[in-house]
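Engineer: What follows is the residue order along each chain.
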Amino acid sequence: MAEPLLSVRRLSIGIRSNKKTYTAVDKVSFDVYPGEILGIVGESGCGKSITAMSLMGLLGSGVSVTGGNAFFEGRDLLSIKGKERLHMNGNRISMIYQEPMTSLNPLMKIGRQIGEPLRLHTDLPEKEIRARAREMLDRVGMRDGDKIFKSYPHQLSGGMRQRVMIAMAAIANPALLIADEPTTALDVTTQAEILELLRKMNRDHGTSIIFISHDLGVVGRICSRVLVMYAGRLVESGPSAAILGDPEHPYTEGLIASIPEVEDRGEDLPSIPGRVPSVTEEHAACPFAPRCGKATALCSKIPASMRNVGPDHFVWCHNVHGGSR
Amino acid sequence: MSEQNSSAAAQDDIVRIEHVSNSYYENQLGIFGKRKKNQVLRDVSLTIHRDEFFGLVGESGCGKSTLANCILGMVPFEGTIEVAGMSYGKANRKEFTRHVQAVFQDPLSALDPRRRIGEILREPLDIHGIGTKEEREAKVKEMLETVGLDASYATRFPRELSGGQRQRVCIGASLMLEPELVIADEAISALDVSVGAQILNLFRKIHDEKDFAMLFISHNLNVVYYLCDRIAVLYYGEIMEQGGAKEIYDNPAHPYTRILQAAIPDLKPGKEKKEMAFVEAKNARPWVEGACPFYRRCPRALDECKKAPPLTNIAKEGEPEHLVRCWRHS
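Sequence lines, in order, name chains A and B.
Residue 334 is where the first sequence ends in the working numbering, and the numbering goes up by one at each step.
Residue 646 is where the second sequence ends in the working numbering, and the numbering goes up by one at each step.
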C-alpha cells in the first residue's frame, strides 16, 4: 500500500473538569491514505469529533492532547503552532462542520468568503482570487452562481450553505478534508446531493476525506474504509463492506441491528441495553463490557489487543478469534 | 348497509382532519415593506384510526410539525380538526388535553429542570384531579415501570438522567392521562442509534398494553416504515401520497416518495440507487403558478403538471386506500 497521507499514532485526549482529567480519546491509531474516504462512526461522546478537532488544533480550553502523534506531510499536527498551523489550516487541511450557518461569517458576502483561504495562503491578485471563487461555486453545483456570489449567508438554504462551506474548504486544493457530520442537519435529498459532491471532489481532485458521522448508512454509502469508535477507543476498523456486511465486534453488530428497517416490521429491534457511558465515568478495561452480551470476566480486567479477522479488518475484542498483530 | 359501514368507520376514527390550512405573515424589511403571506398547510385532510400508528414524513419546512401543532391547538388554522369527536377551544382546553398528548424531540427542554421525575409524572393527575394521593403515587410507580425505569427514579431530577431515560419520562408523562392520541414529533431524532432503538421498542411494548393511536412525525422514512401502519408523505404543505406503510414501501407511486426512498442511505450493499437523476432535476423547471407543488423538482413531470393534480385513490377494488396526488396516476 502507498505511504499514508496522515498517520495518527496513540492519540490520547484529556478533558479537565473539577480538577480531574478524564480520558476522552484513548490511544487511537489510524492511517489515512491518499485519495481515500475514511469514515469514523460512533455514538455521541465516543470521541470522533474531538479527534478531528485535535488534528486541526482547535481543541477548546480544558481539552488537551495528552499523548501521541499525528504525522502529516512531515510534520506532527499535534505539536505545530503559530505560523506553521496557519499554513496548514485551510490550505493543506480543511474542515467542514455540521452547522453551516454558524461557521460562515454572516457579514461577509459569499464570494469574498469563499476566496478567504487564497487571500491568506497565496499571493494571487484579488481579481484572480475572485475568479477562482466564482469558479468554485460552479464546481459545487450551484445554479445562479453570479447571484449567490453577491449574497449573504442568511439568504441561502441549509444545503446551499453547506455547498459554500465545501467550496471554501476546497478552494486551496487541500490534501485532506475533514467533514464532521456534514449532512446531519440536512434533509435526506439534500444529504444525497452533498454526498455526491464530496465523492466527486474525491474522485476528480484526489482529495482524501475523513468523514465523521453517527449514521452507518451514510458512511457505508461514501466511505471505502471505516473506523468504529466507542467511548474514546477504536473497537473495529476495516473496509466498509466488511464492517457493514460482516461486523465482528459486538458493539458494531448491535449498532447495525438497531437501525430500523422495513424487514423488521412487527418485531422488536435487537437494541443494545444500557446507554453510552459519559466521559466522566470510570471505564472497565473494555468500555463496552457492561452493555455486552458476550462479556466475560476477562473483559473488565485486561484491554483487548488488536486482532486481524480479514483483509485489513481489525477488531479489539477478547471474544473474537483471529491472528493478533 | 353502506350507511352502517360509514358510521362504523367514523367511530373507528380517533382524529378527523378536514381541509386544514395554515398560513403566517412575514414582515418585509423597511417601513413600507409589504406583509408577505406564507402558506404552510394547504387543504390537508386525513383521518387516524383508533389504536393505529400513523406516520407523517416529509422534509424540513413541509409543514409536518405545524400539522401536529394544529392538532394540539397551539397554532391557529382554517378547517376542522376533531379528536375523539371534540374540537379544540378555549372553553374545553382541559378536557381536550385528556385526549391528546405529545412527546417532543428534545426531552431536556420538555421537562421542568426543577422538578423531580415523580412530580413531573404526577402533575397531569394533580391538574385533572384524578384519584387520591395514594392512587396517584401508585400510578406514578406503575408508569415508571411501564417505561422501563425503576422506582428510585421518582426522586431524581431530569439533569441526572441520560437522553434516553429523559425521553422515557416524557413518554410516561404523556401517557399518564391515558389519552386516545399521542403525537410524537421527531421523538427519537435526537437520540443515539442504540438508544433510539430502545425507545422504538418501548413504543411497541406500551402499544401492546394500552389503547392509543399515535401520530408519529419523522424525517426518517426507515423509522416510519418500521413502526407505522399507515403513512402520509407531506410536501410543501400538501399530502402527496397516503396509504399502508408496507404498500407504499413496496410500491411508491409518487415521484417524490420514490426520490425520498432512493435518498435513504441503505445498509444493504448491492441495492443500486440512482441519486444523480434527481440531483440534476432539482429546480430544473421554472415555477408555474398553480402547478403541482412538486413540479419544479419532478424528474417525470408532464405538461398537465402545470395544473394542480387531485388526490386519487389508486388501490385495486377491495384493497386498503392508497392515495396519490399525481397526474400520472389519475
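Just so you know, these hints were derived from the structure itself, not from any lab.
Check each hint, because a few of them may be wrong.
[Unchecked claim] If you anchor each label on the Cβ, the simulated ranges turn out as follows:
1. G283(A) to G445(B): 37 to 43 Å
2. S160(A) to P602(B): 16 to 22 Å
3. Q344(B) to G254(A): 52 to 58 Å
4. K526(B) to A11(A): 56 to 62 Å
5. R431(B) to R212(A): 50 to 56 Å
6. E451(B) to M315(A): 55 to 61 Å
7. K118(A) to K526(B): 40 to 46 Å
[Stated by the list, open to error] To be clear about the criterion: a stretch of chain B counts as covered by chain A if any three or more of its residues have a C-beta under 8 Å from a C-beta of chain A, and this derived list gives those stretches:
8. 438-445
9. 457-468
10. 571-581
Bear in mind that the values here come from a model prediction, so they are computed numbers and not experimental data.
All C-beta atoms, glycine included, are put in the ideal place defined by N, C-alpha and C.
Engineer: Each hint needs a verdict: does it hold in this structure or not?
Structural biologist: Here is what the structure says about each hint:
no.	hint	in the structure
1	G283(A) to G445(B): 37 to 43 Å	holds, 38 Å
2	S160(A) to P602(B): 16 to 22 Å	holds, 20 Å
3	Q344(B) to G254(A): 52 to 58 Å	holds, 54 Å
4	K526(B) to A11(A): 56 to 62 Å	holds, 60 Å
5	R431(B) to R212(A): 50 to 56 Å	holds, 55 Å
6	E451(B) to M315(A): 55 to 61 Å	holds, 58 Å
7	K118(A) to K526(B): 40 to 46 Å	violated, 56 Å
8	438-445	violated (count 0)
9	457-468	violated (count 0)
10	571-581	holds (count 6)
This entry does not satisfy hints 7, 8, 9, going by the numbered hints stated previously.
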